[in-house]
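The primary structure of each chain is shown beneath.
2 protein chains.
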Amino acid sequence: MQRIEQHASFGGRQEVWRHASASTGTPMNFGIYLPPQALAGQRCPVLYWLSGLTCSEQNFITKAGVQPHAAAHGLIVVAPDTSPRGPGVADDAAYDLGQGAGFYLNATQAPWAAHYRMQDYVADELPALIERHFPASDARGIFGHSMGGHGALVTALRHPGRYRSVSALAPIAAPTQVPWGRKALAAYLGDDPAAWAGWDAVALIATARERLPLLIDQGEADEFLPQLRPDLLRAACEAAGHPLTLRLQPGYDHSYYFIASFIGEHVAHHAGALRS
Amino acid sequence: MQRIEQHASFGGRQEVWRHASASTGTPMNFGIYLPPQALAGQRCPVLYWLSGLTCSEQNFITKAGVQPHAAAHGLIVVAPDTSPRGPGVADDAAYDLGQGAGFYLNATQAPWAAHYRMQDYVADELPALIERHFPASDARGIFGHSMGGHGALVTALRHPGRYRSVSALAPIAAPTQVPWGRKALAAYLGDDPAAWAGWDAVALIATARERLPLLIDQGEADEFLPQLRPDLLRAACEAAGHPLTLRLQPGYDHSYYFIASFIGEHVAHHAGALRS
Chain A
935 MQRIEQHASF GGRQEVWRHA SASTGTPMNF GIYLPPQALA GQRCPVLYWL SGLTCSEQNF
995 ITKAGVQPHA AAHGLIVVAP DTSPRGPGVA DDAAYDLGQG AGFYLNATQA PWAAHYRMQD
1055 YVADELPALI ERHFPASDAR GIFGHSMGGH GALVTALRHP GRYRSVSALA PIAAPTQVPW
1115 GRKALAAYLG DDPAAWAGWD AVALIATARE RLPLLIDQGE ADEFLPQLRP DLLRAACEAA
1175 GHPLTLRLQP GYDHSYYFIA SFIGEHVAHH AGALRS
Chain B
935 MQRIEQHASF GGRQEVWRHA SASTGTPMNF GIYLPPQALA GQRCPVLYWL SGLTCSEQNF
995 ITKAGVQPHA AAHGLIVVAP DTSPRGPGVA DDAAYDLGQG AGFYLNATQA PWAAHYRMQD
1055 YVADELPALI ERHFPASDAR GIFGHSMGGH GALVTALRHP GRYRSVSALA PIAAPTQVPW
1115 GRKALAAYLG DDPAAWAGWD AVALIATARE RLPLLIDQGE ADEFLPQLRP DLLRAACEAA
1175 GHPLTLRLQP GYDHSYYFIA SFIGEHVAHH AGALRS
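Chains as they are written, first to last, in the working numbering: chain A, 935 to 1210; chain B, 935 to 1210.
There could be a bad hint or two in this list.
Copies of one chain are not kept apart here, so a pair can be met inside one copy or by any two copies together.
[Unchecked claim] Okay, derived cross-link-like pairs now, SDA-like style, lysine to any residue, Cα gap no bigger than 25 Å in a straight line:
1) LYS997 x LEU1180
2) LYS997 x ALA1202
3) LYS1117 x ALA1047
4) LYS997 x GLU1154
5) LYS997 x ASP1187
6) LYS997 x ASN963
If you're looking for bench data, these hints aren't it; they were derived computationally from the structure.
Start from the sequences and build out the full structure, keeping to the hints where you can.
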């Protein structure tokens, strides 16, 4: 494991690491913010961020403004890349499939199955690595944006007991019912929709064994609303009695300006669960 | 004048505009953050940010995290591009000369003199434009980073009475005495160093007619310290009795992580002068 960047930031340190991933069979990069409390030797809870389509680990750590909030609450924040990458990794010319578009699942179909095992990576390998190599406790939260909001919801719903808190900004809430999701699920999992339901938050909510409260922010001026379907998430939570705080934010779009505007409230939401 | 971006941000709006500049004879882009107070129709003070080498108007507006502070204090923040650009504009293969490296001066030498009139642009044309087209008062502050820190200091020192406040992060404080500055000043102004002194903060401090207090933050782990020379700025301020708060920040480098860590204190410094 190799540290490839480090920068002092709000009394803590923003770092980027590169390591050989057993899940993906490729090198993977992740960003990690170590708050002042971690640099002072305290074990801190860890908040995992999953980014959206086209992002690497860089977008979130440079644009979201998460560091002052993580420093204030004493949380480590880990932000992995969104897919395996490299010349030997399958790819597609479109921005919404292949490298930069791993959808946080384990692919079963050629040519993707060889490396696209992002669910194993984010849910198992990465937390184990973080808890072994950094001053991290095993209190975990998870959040993300768009494709990464889908990833956060699905990862928490698939692993009851693993996370204490979950939230999302403009998540792809019902990937089995929208173009982005149907394209990716068909490519990675095959044409039979029966294989897709385990990767769809709206579908998983119906049978969830754990009722972690969901905090969701969604911009009302989001240019991708038809891909996101917060209405279906609301209906699923109401039907299942799953606790949901869904906030529609007037005027906000899908960009990092939206993420930055609400990231502080999301970090506070997680801190409430992780620090209690 | 054409708005090419707009995003809701912290209750206000981050916009990017493009217009034909009379100073540079080219289209110029600038970012402008309109805080909630401005959107509600109040005239707000304006804080001008000048960016460093290689930057466009995008770097600061996406990475510095200035918007929550501007919103809290009710300040408009304007961030122009760092040079004229385009196929008809002189350029150099190096990152530290030509497009992206205008040094906020008015060039006198061929081939630069045709378009490189960034001082006229930032000190005269841009404020006039902002005060005509936006809900801006004529209370102005100016700050910047690296080459833009040089630009902020020099622009304020050359125009007594035009700005109420000035600050800088890791400025090129003595361009006549460091490689970055000497290269640019020789190219834009010619080989005679007599023409350079009017564009050097350390030189201008000696004869300043106005004693605006300077707030300077400088990372102690800045990889470009030999290009910046805060020691010469300190000596010049001491010799001239110019009020200076120079803060050396242990561990901080030259990146936007450094800028973001201290941007809130800089905005508060300006707000104190602009709102009084």
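Please flag the earlier hints that this structure goes against, numbers listed from lowest up. The structure breaks none of the hints.
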